[in-house]
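**Student:** Sequence:
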Amino acid sequence: MKLFPVGLALALLVCGVATTSASTATAPERQIMTSVNQARASNGLRPLRSDVRLWALADERAAAMASSDVLSHEAGGSIDSGLSRGAIQWYRYGEVIAYSTASGSAAAAHLFELWLSSPSHWELLMSDSFNYLGVGLSVSSSGRTYGSIVLTESRDRTGARATLSGVTVSGDDVRWTWRGGDPLLQSHTAGLRDFAVQQRTDGGSWVTVSTGTTSTARSAINRAHGHWYGLRVRARDRAGNVGPWSAELRAWVP
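Numbering-wise, our numbering puts 1185 at position 207 of the sequence shown, and it's gapless, one number per residue.
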């Protein structure tokens, strides 16, 4: 593999059609994801969504390069094997790598600029088919910061979202409304399917009052006076991905 001058090295790997979000991310890794997705938005593209398993794989691959202090896709082993170990479904995958002699936020900015300045790398990051990514950074003993972005085109695995939009009280009746949607991916968005609904009184235990509903409103009739009534919802998409519960919305029946 051709080596570039120190601090100006990068490479990429793309694989064709298959025959078969990260809580632990560092601030510089998140910085790279933000930069990539801001650029995608400027080009009319959807954001690449986070998959914690891809972040772990990208971290592993960056660490392997840092350990050997060599910029190489081969240093981290087979991406196919890494995707299989993580049970990550894919149709296509790609990887861009580079190193910088900077560190921290400066390294993240430099790596992004390296990829931006390379048409072949930029084409991958601005892909109209990839929909998920993971970012990994690791520093070698020589002080180089190695970076890997692993991208996949995969089935939708992002949970749908639900948000309570309002609550009204009329006498001893309470009515809640909500809305939902499935976050749009660059490709393979499953689409919103339905909601689950839970209710509770005075901060007590949640009780499921509805599942598999397509309604966006619920009324609680003839509530006892002098109590708080709370409701929360969550959404499911057509691929079965369930999102988080919404924030609770409470109403007081005087």
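Derived by calculation from the structure, the hints in this document are not laboratory data. Every value quoted in this text rests on a predicted model; they were computed, and no experiment measured them. It is possible that part of the hints are untrue.
Unchecked claim - FRET-style restraints, in silico, Cβ to Cβ: (1) 1084 / 1143: 41 to 51 Å; (2) 1190 / 1107: 53 to 63 Å; (3) 1187 / 1107: 16 to 26 Å; (4) 1166 / 1064: 52 to 62 Å; (5) 1155 / 1185: 16 to 26 Å; (6) 1064 / 1004: 42 to 52 Å; (7) 1087 / 1186: 39 to 49 Å; (8) 1022 / 1230: 15 to 25 Å; (9) 1190 / 1087: 38 to 48 Å; (10) 1200 / 1067: 23 to 33 Å; (11) 1143 / 1064: 19 to 29 Å.
Ideal placement from N, C-alpha and C gives every residue a C-beta, glycine not left out.
**Student:** Work down the list of hints and note, for each, if the structure agrees.
**Tutor:** Hint check:
| no. | hint | result |
| --- | --- | --- |
| 1 | 1084 / 1143: 41 to 51 Å | holds (43 Å) |
| 2 | 1190 / 1107: 53 to 63 Å | violated (32 Å) |
| 3 | 1187 / 1107: 16 to 26 Å | violated (41 Å) |
| 4 | 1166 / 1064: 52 to 62 Å | violated (18 Å) |
| 5 | 1155 / 1185: 16 to 26 Å | holds (19 Å) |
| 6 | 1064 / 1004: 42 to 52 Å | violated (19 Å) |
| 7 | 1087 / 1186: 39 to 49 Å | holds (47 Å) |
| 8 | 1022 / 1230: 15 to 25 Å | violated (46 Å) |
| 9 | 1190 / 1087: 38 to 48 Å | holds (47 Å) |
| 10 | 1200 / 1067: 23 to 33 Å | violated (48 Å) |
| 11 | 1143 / 1064: 19 to 29 Å | violated (37 Å) |
Going through the hint list in order, the structure does not satisfy hints 2, 3, 4, 6, 8, 10, 11.
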